[in-house]
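Listed in order, the protein sequences are those of chains A and B.
Residue numbering for the first sequence follows the numbering used here, starting at 1 and increasing by one per position.
Residue numbering for the second sequence follows the numbering used here, starting at 1 and increasing by one per position.
Wrong hints could be hidden among the right ones.
As the list claims (entries may be wrong) - When the alpha-carbon atoms are kept at most 20 Å apart in a straight line, the in silico SDA-like pairs for lysine to any residue are as follows:
| id | chain 1 | residue 1 | chain 2 | residue 2 |
| --- | --- | --- | --- | --- |
| 1 | A | Lys107 | B | Leu179 |
| 2 | A | Lys13 | A | Lys33 |
| 3 | B | Lys263 | A | Leu140 |
| 4 | B | Lys263 | A | Arg135 |
No lab work stands behind these hints: they were computed from the structure.
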Amino acid sequence: MDEAMSEVLLSLKHISKNFGEGDVLSDVSLDVKRGEFVTLLGASGCGKTTTLRIVAGLETPDTGEVILNGQDMTSLPPESRPVNTVFQSYALFPHMNVEKNVAYGLKVRGADKKTIAARVKEMLELVQMSDYAGRMPAQLSGGQRQRIAIARALAPQPQLLLLDEPLGALDLQLRRQMQIELKRLQKKLGITFIYITHDQEEAINMSDRIAVMKGGKFEQLGTPEEIYDRPATRYVAQFIGRSTILTGKVKHTNGFSAVIETGNGSFTVDSAHAKLTEGEMCDLCVRTERMRASKTPVEGFSLPATVREARYAGGSVLTYVTLRDGTEVVAEGVERMADAPNPGDTVYMHWNPAQAAVIGGASYGA
Amino acid sequence: MANKRRKKRKIFSPIYLTLVLIILYLPILMVVIYSFNSGRTIAAWQGFTTNWYTRLFNNALMADALKNSLILAGLSAGFAGVIGTLGAIGLANGHLKGGSFIESLATLPMMIPELVLGMAYLAVFTAVGVKLGMAALVLTHTTFCVPYVFINVKSRLVGMDPAIEEAARDLGASPLRVLRDITIPLIMPAVISGMMLAVAMSIDDVVISFFVTSAETTTLPLKVYTGLRSGGTPEINALSTLMLAAIFVIVGLSQLLRARSDKKLYASKQ
Numbered sequence: 001m002d003e004a005m006s007e008v009l010l011s012l013k014h015i016s017k018n019f020g021e022g023d024v025l026s027d028v029s030l031d032v033k034r035g036e037f038v039t040l041l042g043a044s045g046c047g048k049t050t051t052l053r054i055v056a057g058l059e060t061p062d063t064g065e066v067i068l069n070g071q072d073m074t075s076l077p078p079e080s081r082p083v084n085t086v087f088q089s090y091a092l093f094p095h096m097n098v099e100k101n102v103a104y105g106l107k108v109r110g111a112d113k114k115t116i117a118a119r120v121k122e123m124l125e126l127v128q129m130s131d132y133a134g135r136m137p138a139q140l141s142g143g144q145r146q147r148i149a150i151a152r153a154l155a156p157q158p159q160l161l162l163l164d165e166p167l168g169a170l171d172l173q174l175r176r177q178m179q180i181e182l183k184r185l186q187k188k189l190g191i192t193f194i195y196i197t198h199d200q201e202e203a204i205n206m207s208d209r210i211a212v213m214k215g216g217k218f219e220q221l222g223t224p225e226e227i228y229d230r231p232a233t234r235y236v237a238q239f240i241g242r243s244t245i246l247t248g249k250v251k252h253t254n255g256f257s258a259v260i261e262t263g264n265g266s267f268t269v270d271s272a273h274a275k276l277t278e279g280e281m282c283d284l285c286v287r288t289e290r291m292r293a294s295k296t297p298v299e300g301f302s303l304p305a306t307v308r309e310a311r312y313a314g315g316s317v318l319t320y321v322t323l324r325d326g327t328e329v330v331a332e333g334v335e336r337m338a339d340a341p342n343p344g345d346t347v348y349m350h351w352n353p354a355q356a357a358v359i360g361g362a363s364y365g366a
Numbered sequence: 001m002a003n004k005r006r007k008k009r010k011i012f013s014p015i016y017l018t019l020v021l022i023i024l025y026l027p028i029l030m031v032v033i034y035s036f037n038s039g040r041t042i043a044a045w046q047g048f049t050t051n052w053y054t055r056l057f058n059n060a061l062m063a064d065a066l067k068n069s070l071i072l073a074g075l076s077a078g079f080a081g082v083i084g085t086l087g088a089i090g091l092a093n094g095h096l097k098g099g100s101f102i103e104s105l106a107t108l109p110m111m112i113p114e115l116v117l118g119m120a121y122l123a124v125f126t127a128v129g130v131k132l133g134m135a136a137l138v139l140t141h142t143t144f145c146v147p148y149v150f151i152n153v154k155s156r157l158v159g160m161d162p163a164i165e166e167a168a169r170d171l172g173a174s175p176l177r178v179l180r181d182i183t184i185p186l187i188m189p190a191v192i193s194g195m196m197l198a199v200a201m202s203i204d205d206v207v208i209s210f211f212v213t214s215a216e217t218t219t220l221p222l223k224v225y226t227g228l229r230s231g232g233t234p235e236i237n238a239l240s241t242l243m244l245a246a247i248f249v250i251v252g253l254s255q256l257l258r259a260r261s262d263k264k265l266y267a268s269k270q
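Produce the entire structure from the sequences given, and follow the hints as far as they go.
Put into C-alpha cells, the structure is as follows:
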C-alpha cells in the first residue's frame, strides 16, 4: 500500500440515495484524510445529514460504496463500524446517569469493568464533566449534555467521529466557546471529524476542508480559504459570507486578467483561476468587506454609484450605494464617519482584483 | 366589553364544573354513603354502621369471587401487557405496510359494544369447544385489555426520540441489546400504567364475563349484578364501594406513573 492510500481514512464512492421523493443524494464522492476535520455545510434538506447517516450505517445507500481503512463497510450495520456519532438532539439515554451513558459503548463491546471505569474517568476529565458522573441527563443543561454526548461518542475510541449539528441547540456565546473546545479536542486526540452545520461561520472557523452541499450534491469541496476567496458557484458565493455578485460579459482576456462589461460599467478581473473566453457570460463575487467606494474614479474600474446611506458599524463604516441599474451594494473600508461620503454623492466602486472571484464557464448559472 | 365577558365566564365556569361533577359523582356518592347505612333499604338513612363490611368479609362466597376476580385481572393484564407491548414495538419499528390499519384494528375492541363482544366470544367458544369458566374468562379479558396496553406503549414510543435507539446501535449494541437496554426500560412506565388500566377494566367487567363464565366461576362484579337482581342489599353497596376505591387507586396510580415518566422523558429532551 503506498502512502497516499493509507492517508485516506474514509472514502465515499458515488453514493446515491433516494427516499422515494426524488434524489436526496446523487453521486456523492468524498475522501477524508486521517486526522482531518471535514465539514458538510448546507441549508436544511441538502442531504448532509443523510450523508452522515450513511457513513454511520443508519442508512443504506442505493448505490455507491463506503470504504473505511480500505475496507468496504457499505453493508455493515452501525454496531459493527468503528465510527461513532454525536447526535443533534444529543440522544443521551434518559434512564442512565452520566457515567453509565459514557460507559455504554465500552460495556456493549465487552470491555472489563476496570477498563471501563478508567476510560469513563478519562473521558469525563477530557470534557471537564468529572463532577457530574452521578447526574441524570434531565439534571444537566444543554451545554453539559453536549459535552456528555461527545464524551460518550469518544469513549469507544472511534476512528471517525461524526457530528450532526452538535452546537445547533446552544446559544451563540456557548456555541463559540464549544467551537474552540471541539477544535482543541480534535487536535489533541487526532481523531478524524466529519462535522455537519448550516452555520457558515462555524464551518470556516473549525474545518480543514468544507464541502458545500446543495440538492444532494457537492457544490464545492475545498479549504475554508478556497471556499471563501474563490467560490466555485454563485450558490457558494451567496451562502458563505456577505458579498455582491455582478454579472457581465467578458470583453477581452489575456489569460491573466480580463475586462468584464456589465450594464453598470466595466471592470478588470484577475482571471488566472477561471478559464474565461471572450464573449461569454460570467459572475463576479466581491466580499462586502473588500468592496470599496472611492470619491474619485479608480483605474481599471468604471462603476459609478449613488450613495444612499453611510452607517457606522463598529470599527468600520458601511456605505450603502445604488448602481446605475438599481442594484444595491454595500461597501466597507472607511474607518471613520467623518471620511464617509454623504447621501446623494456619486462614488466609484472598486476592489483588489486578486481578491474577487470569477465564476465563469460551466459554473456560470449553476 | 371583553373584560366583562371574561368576568361572566369566571362565574359561569365554576358553576358549570360543579354541576357536571355533581351529575357524574352524586349517584356514586350515594352508593358509598348507603354502604354505611344501618337500615336495609336505600329509601332512608337509619344511622351509621360498618356492619355490612364485616358481613362482607365473613362471606365465604364473596371471598371466592374476590379470588377469581384477582386471578382473572392479574392473568389477563399480564398477557395483555406482553401482547400489547410487543405489538406496539413491532408496529413502531417495522415499516409495515398497512401498519395504521392494523393499529386501528388493534384498538377496535375498545369501541365494539360489550354485548356484541360477549355474544361473539360465546358463539366462538361453543363452536370451538372451549369450556366456559376461568380459561374462557382469561381469554376474553386478555383480548379487551390488549388495546389499553397497546395505546399507552405506542404513544410512549411515538414520543421517544428515535436517535436514542440509534445512538445505542451506533455505540455498538445489537438490535436485541437495544431492546433490552434502551427500549424496554424506557417504555416500562407505559407498560405498567397500561397494565393497571387493564386491571381496572377487567376487575369491573360484567357484560362480557356474564356470557363466558360458568355457574361455578363467579367474579365480584357478577356478584354485584346477581345480588342486585335478587333485591339488592347494603352488602352489595359495601362491595361496590370497595371496588370503587380499588379502581380509583389503580387508575390514579397509573396516571401518576405516566405523568411522572413523561415529564422525565420530556425534560431530557429539552
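Holds or violated: B/Lys263 with A/Leu140, Cα cutoff 20 Å? This hinted pair holds, its Cα atoms lying about 15 Å apart.
For a C-alpha distance cap of 20 Å, please report whether A/Lys13 and A/Lys33 respect it. holds (14 Å)
Agreement of B/Lys263 and A/Arg135 with the hint, judged by alpha carbon distance not exceeding 20 Å: holds (17 Å)
A/Lys107 and B/Leu179: Cα distance at most 20 Å? Distance of about 15 Å is within 20 Å: holds.
The earlier numbered hints are all upheld by this structure, with none contradicted.
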